[in-house]
Amino acid sequence: MSEKVLMKGNEAIAEAAIRCGCRHYFGYPITPQTEIAAYMSKRMPKIDGTFLQAESEIAAINMVYGCAATGRRAMTSSSSPGISLKAEGMSYLAGADLPALIVNVQRGGPGLGGIQPSQSDYFFMTRGPGHGDFHIIVLAPATVQEMADMTRLAFELGEKYRMPAMLLADGTMGQMMEPVVLPEDTVDPATIPATKPWATTGTEMKRAHNIVNSLYLKPDELEKTNYERFARYAKLEAEECRWEEYLMDDAEVCVVSVGITARVAKNAIVAARKEGIKVGMIRPITLFPFPKAALAKAAAKVKGFLTVELNMGQMNEDVKLAINCAKPVNMCNRVGGMIPSADEVLAAIRKEAK
Amino acid sequence: MTYETIMAGFGGQGLLFSGKVLAHAALIENKELSWLPSYGPEMRGGTCNCSVIVSDDPVGSPIIAHPNVLMVMNEPSLDKFEDTVAPGGTIFVDSSLIERKVRRTDVTVVYIPATQMAKDMEAVSLANMIILGAIVQKLGCVKPETLTAAIKETISARKAALLDLNLKAVALGENFIAG
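Just so you know, the sequences run in chain order C and P.
According to the numbering used here, the stretch in the first sequence is residues 1 to 354, in order.
According to the numbering used here, the stretch in the second sequence is residues 1 to 179, in order.
Keep in mind that the hints were calculated from the coordinates and are not lab data.
Predicted model only: the values in this text are computed from it and were never measured.
Do not rely on the hints blindly, as some may be mistaken.
[Unchecked claim] Stretches of chain C that chain P covers, calculated by requiring three or more beta carbons in the stretch to come under 8 Å of a beta carbon on chain P:
(1) 54-67
(2) 172-181
(3) 261-271
[Claimed, not checked] Label-pair ranges, simulated between beta-carbon atoms:
(4) T105(P) with K274(C): 22 to 28 Å
(5) E55(C) with G46(P): 29 to 35 Å
(6) G49(C) with K168(P): 52 to 58 Å
(7) G46(P) with L321(C): 22 to 28 Å
(8) K42(C) with A161(P): 36 to 42 Å
(9) E122(P) with K351(C): 54 to 60 Å
(10) E204(C) with R158(P): 44 to 50 Å
(11) K354(C) with R104(P): 53 to 59 Å
(12) K152(P) with K160(C): 41 to 47 Å
(13) A161(P) with K274(C): 36 to 42 Å
(14) E55(C) with E153(P): 36 to 42 Å
(15) V124(P) with H131(C): 55 to 61 Å
Backbone N, C-alpha and C fix where the C-beta goes; we use that ideal spot for every residue, glycine too.
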């Protein structure tokens, strides 16, 4: 095993991406994720990679589109307002079935909002961030270690299912430092395009042209691509849902939370257990696909659910849908860059346990 | 044991750096840890702080609601954090910069004229490291020799000239406690 190093979450994403064979980063600075771009600007020139600060977020995501079409591992990163600008590009990536990594280190909104942590892009990311019928893979890291591990997972799942994949973090996860074991640097970037028979790698006059495109003027053809895409989403949901269960064996109250709030909630759960309250947590790791089955299973045992989130109840809706409203699903939330304290979450858990 | 430390003061006093050194020392000792900075406009000359958790057990939330160690280098920070300190905790006050006394009676207080001590060694920007030395000596959250190793690892090559001064500052803080 390689050695533990101390890194910010943002830096861990950048270094992990490089170690996974990503040699092409296109971005535009915005707090609280700029360390990703800063790190790439230092490292990429030394390893024959590309760091390009584009003229805008829109330009950056379209550069990712072009690069991904050639079969290379490409990525961009931004924070909430910048991700809005990338929506068109994400739709095009999805329409062209291109894998690519997009990192969203969320801050408070709407509009320019603030720069403090938030999870208020949940709906925007999980429902398909752009026009048309589509989804992207959405992963929600809760430790710096997961920031690194999920960078690899995002590239791999994206390529397996030919979809854009997103790391959906929050400002805290990006800014905090923790010990992290980085992935081994075993991927040779030059070998990646050959694993993608659809990529525009040059025909060398030996095969027909590969065409990467999202324009289908014949409705029957376009309909076919939509059905085919959603068949892939169904497979993704059947095979790739990920979540963590914490003290759920005898739980009567199930907390559901992701990212930084899952960590605050863990502290509150430890305190509640000391008071004899039977509370546990399901922490979704994949937000699309959402681990519905795990929640439905829990619904048969618990008295109720409590979502802890940095928005006005966006994941709360997904929990209600997953359990078909079989049990009450209440909420403990703060917004605008505020984060609930463990004491606030504990108070909500006590109320739930009554 | 879990040390939940908040280091707070003005931007430019090196609070994020002293927190980083403490975090590095914890990493060297293979302890569990987290380091979380305040980030945003408050860093430009306004108040600034970082939260460092050093523990034998895995760290839950990196956000500290009730620090058991508080290091303050300006009065607004003392005003802001004094009431949040866990009973029985320790507050380290830079008494060259903060005139008032701590009002709490259920905490240990260490008054250390760190900025004056730093001025005396002609390195006013190292008051943070003097207090860090005092924290480590007083509480033993990491070993003094690990702190030295962490400083050597953390100071960038560009600032290598400052290494000896940093080590001297930490030793001053340690001796202030050890007497």
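Status of each hint after checking the structure:
For a cut-off of 8 Å, the count of residues in the stretch 54-67 of chain C with a CB near a CB of chain P stands at 0, and the three-residue condition is violated. Coverage of the stretch 172-181 of chain C by chain P holds in this model, with 6 residues showing a Cβ closer than 8 Å to a Cβ of that chain against a need of three. Taking a C-beta to C-beta cut-off of 8 Å, the stretch 261-271 of chain C contributes 5 residues in contact with chain P, enough for the three needed, and the coverage statement holds. Separated by about 27 Å at the C-beta atoms, T105(P) and K274(C) satisfy the suggested range of 22 to 28 Å.
Taking the beta carbon of each, E55(C) and G46(P) are about 32 Å apart, inside 29 to 35 Å as hinted. Taking 52 to 58 Å as the suggested C-beta distance range, the pair G49(C) and K168(P) does not conform, at roughly 41 Å. Between G46(P) and L321(C) the beta carbons are some 43 Å apart, a value that contradicts the proposed interval 22 to 28 Å. Separated by about 22 Å at the C-beta atoms, K42(C) and A161(P) break the suggested range of 36 to 42 Å.
Judged by the Cβ atoms, the range 54 to 60 Å given for E122(P) and K351(C) holds: they are separated by roughly 58 Å. Distance hint check: the CB atoms of E204(C) and R158(P) are about 48 Å apart, consistent with the given range 44 to 50 Å. Distance hint check: the CB atoms of K354(C) and R104(P) are about 34 Å apart, inconsistent with the given range 53 to 59 Å. The hinted range of 41 to 47 Å is satisfied by K152(P) and K160(C), whose Cβ atoms lie roughly 44 Å apart.
A hinted range of 36 to 42 Å for the beta carbons of A161(P) and K274(C) is inconsistent with their spacing of about 51 Å. Taken as a hint, the range 36 to 42 Å holds for the pair E55(C) and E153(P), whose Cβ atoms sit roughly 38 Å apart. A C-beta distance of roughly 57 Å is found between V124(P) and H131(C), which places it inside the suggested range of 55 to 61 Å.
The structure fails to meet hints 1, 6, 7, 8, 11, 13 from the earlier list, while all remaining hints are met.
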